[in-house]
Amino acid sequence: MDQLVTYFAMGGYAVFVWSSYAAAAIGLVGALVLSWQGWKAREREFEDLRAARRGQETQ
Amino acid sequence: MHKYANPTQFIRIANAVLPWSTAIAVAAFVIGLPLALVFSPPDYQQGETVRIMYVHVPAAWMSLMVYMVIAGSSAAFLIWRHTVAHLIARASAPLGAMFAAVCLISGMLWGQPMWGTFWVWDARLTSVLILFFIYIGYIALLDAFDDPERGDRAAAILALVGSVNVPIIHFSVEWWSTLHQGTIITMDGLTLSGDMARPLLIMVAGFTAFYVSVVIIRLRAELLAAKIRNARQSLAAAE
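Protein chains in written order, with this note's numbering: chain A, 1 to 59; chain B, 1 to 239.
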């Protein structure tokens with residue numbers, strides 16, 4: 001337990017070390033999630049348009 | 001080279017690359033993070049803050065690499081009118097801005113305990129901040145015109161003009177006196193001991209592979225967006 005506490009304290013620099021890794025994690029994971037959602041949204045939009053186009057052709 | 005300008009051909013290659021780049025990114029983070037955070041030694045001067053380097057340097061490296069991709073793609077777009085090249089630049093820009101932001105934030109978080117200040121207006125820090133602003137300007141210009149083609153060309157020209165900043169960032173630590181340390185990775189090898197170089201190189205590989213995977217996903221979205229625009233136009237024309 002004490003060892004874990006010492007580890008997370010990072011020699012007194014815990015705030016700086018962990019904030020840096022948090023910033024990197026937020027940046028990378030955020031970019032991944034937003035990019036994935038953007039792609040899926042475009043895919044749905046494209047499918048809707050295709051359906052609309054088929055509807056137009058059958059009219 | 002011109003055969004890769006065909007979007008269908010290009011996305012086929014990109015889709016084949018995606019599982020590999022993703023596997024490399026996952027493996028690099030699974031191995032690299034424990035090495036960076038646990039198994040690498042503290043520095044004899046910097047103590048545990050040296051661990052910030054394992055995210056700071058890869059982010060800095062990527063912010064420059066992505067910029068070079070954007071500048072190269074923008075040149076190909078302006079010279080040969082390669083749409084795929086432009087879409088690569090467009091898909092890359094938010095990622096480059098994110099890497100530059102992570103670089104700046106982690107650098108500030110290292111600067112406070114080690115230099116005694118979050119920020120100094122020296123050549124390296126200022127030129128990276130300018131890089132971040134160029135990314136933001138590029139992204140803003142892309143959609144700033146009613147005619148998308150004008151925005152695309154204006155942004156591409158900004159990307160080319162802004163590339164003058166890349167060598168300034170790289171050589172800033174040699175040209176001007178600065179608080180920032182010199183280059184770690186040089187042509188002659190590393191100025192770093194092996195147990196610090198290993199996690200650093202693994203994290204650089206992870207960041208690079210991560211960019212490749214995410215930019216492919218973004219590229220799919222960009223290609224679909226172009227198809228959607230065309231479909232809308234033909235739908236409107238038919239009405």
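In case anyone wonders, no lab produced these hints; they're calculated from the structure.
One or more hints might be untrue.
Capping the alpha-carbon separation at 16 Å, the derived lysine to aspartate or glutamate pairs in EDC-like fashion look like this [as the list claims (entries may be wrong)]: (1) K227(B) x E47(A); (2) K227(B) x E43(A); (3) K227(B) x D2(A).
Open item on the list: So if I understand the rule, the pair passes when the alpha-carbon distance is 16 Å or less; does K227(B) with D2(A) pass?
Closed with: violated (59 Å)
- [ ] Below or equal to 16 Å on CA atoms is what counts here, so check K227(B) against E47(A).
- [x] Satisfied, since the Cα-Cα distance of roughly 11 Å is no more than 16 Å.
Task: Restraint status (C-alpha distance of K227(B) to E43(A) at most 16 Å) - done: Between K227(B) and E43(A) the Cα gap is close to 10 Å, so the pair holds against 16 Å.
The earlier numbered hint that this structure contradicts is number 3, and it is the only one.
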